[in-house]
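J.: Now for the letters of each chain:
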Amino acid sequence: MREQLSFFHAAPAGLRVEWRTYRGSIRAKTTSEGLVLSFQKEVKRRVAKLKLFTPGMLTSRFDVLAVIEPPQKICTIELPMNSSARTLTPRQWGDVIVAYNAAEIIAEVPLRERKVNALFDPLQL
Amino acid sequence: MRGCTDLARVVVSFFPKRHGDRLFPLPMVLPSPCNVALVDGDFSRWHHGDNGWNIVVVDPICWPDDPPRSAHFVKTALPLLLPKTRWVEYGDANKCVTRNKEWPSLSLVAAARPAGDVIAVRHYSDEHLGNGPTRENKPHRTVKDEFIETRMHMKIRRMQPSVFTDIDAQEAWYRAQGFEFDGFVNDAMCLAWQNTSLARQFSCVWSSEVRVVPDCNLLFGQFACLFGCASLPARSHTL
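Order-wise, the sequence lines are chains A and B.
Using our numbering, the first residue of the first sequence is number 1, and each one after it goes up by one.
Using our numbering, the first residue of the second sequence is number 126, and each one after it goes up by one.
Because the hints were derived from the structure by calculation, they are not lab data.
Owing to the predicted nature of the structure, the values given are computational and were not obtained by experimental measurement.
Don't take each hint at face value.
[Said to hold, decoys possible] To give a feel for the contact side, a few chain B residues facing chain A, derived at Cβ under 7 angstroms:
id	residue
1	Thr201
2	Ala301
3	Phe304
4	Gln326
5	Phe327
Even for Gly, the Cβ is constructed at its ideal location relative to N, Cα and C.
Starting from the given sequences, assemble the full structure and let the hints guide the process.
T.: Written out as structure tokens, the structure reads:
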């Protein structure tokens, strides 16, 4: 209802929201659980868009683990082991994230972990 | 609740009875002095039982024609209401229950070592509370969906035209700011607040948007219309 509509709008920058999901009964889940689907959809859309400009660079699907900290959106993108994009350097990963219109990269993890975190501007998503 | 510095639980049951009886009992909880159920005058302890709660009858006069909205204001403003309590769990009496009709306290705070300012749940339309299988592939509820649902719900409640004017204004305001209407919308029937500065800031703004209070400093005064000043702790924090 009305308070739900205001939830994200009212959230100050940096607010940490932990999510639980209903599954038969309410139970604790990891922070990202409740938002995987929506972010997955969004990032897949961005990957598809990116492919139009850089054919062959990203040939495999992305698995997305997402954590939201409204109003920013922090998204961790994890690449499958068999993806050709495993050869990307962290810097190139950064270029990829910028191509998603991410506001900034907030953390670069070693390439062997195949994932990178990006901070998305909510107005860009 | 002055001694409840670590954890307090607040459940609200302002919802009017139907067919002469209240539809939902309070969720069952392990009795504690820090469990408070805010109920309206139709609640009968003898008939419904306290189920582990300390019953406080209040008059939801902030919106006399819309008691659920008064309940919403309680949920959004709890960190300001209980500024000395580290964790405050909130629940709508009719919705914040497990399938065993228990308060989901372990899930909200105790077992998970949460680090968040707020603990919330995704909308139950995705995974309905205790009724049937989960629906992993169902599209998530969006803000746009929720505006539609809210208007429908207000029609069912037969609310005044001014309510719809308010909702229209809220939607126009959000659109003007470029707010994401296709984004995920959470549920708010169960919440846990950690009393951090960010949580209080959020509580203040959120309550202002729900209550349409122009100045956050006026919020605390607004509680008087719900609870009466006598039971309130002294305001000791700065936003």
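J.: The structure should be examined with respect to each hint, and the outcome stated for every one.
T.: Results for each hint:
1. Thr201: holds (6 angstroms)
2. Ala301: violated (12 angstroms)
3. Phe304: holds (6 angstroms)
4. Gln326: Where the cut-off is 7 angstroms and the nearest Cβ of chain A is about 5 angstroms from glutamine 326 (chain B), the hint holds.
5. Phe327: holds (5 angstroms)
Violation of the numbered hints given earlier is confined to hint 2; every other hint is satisfied by the structure.
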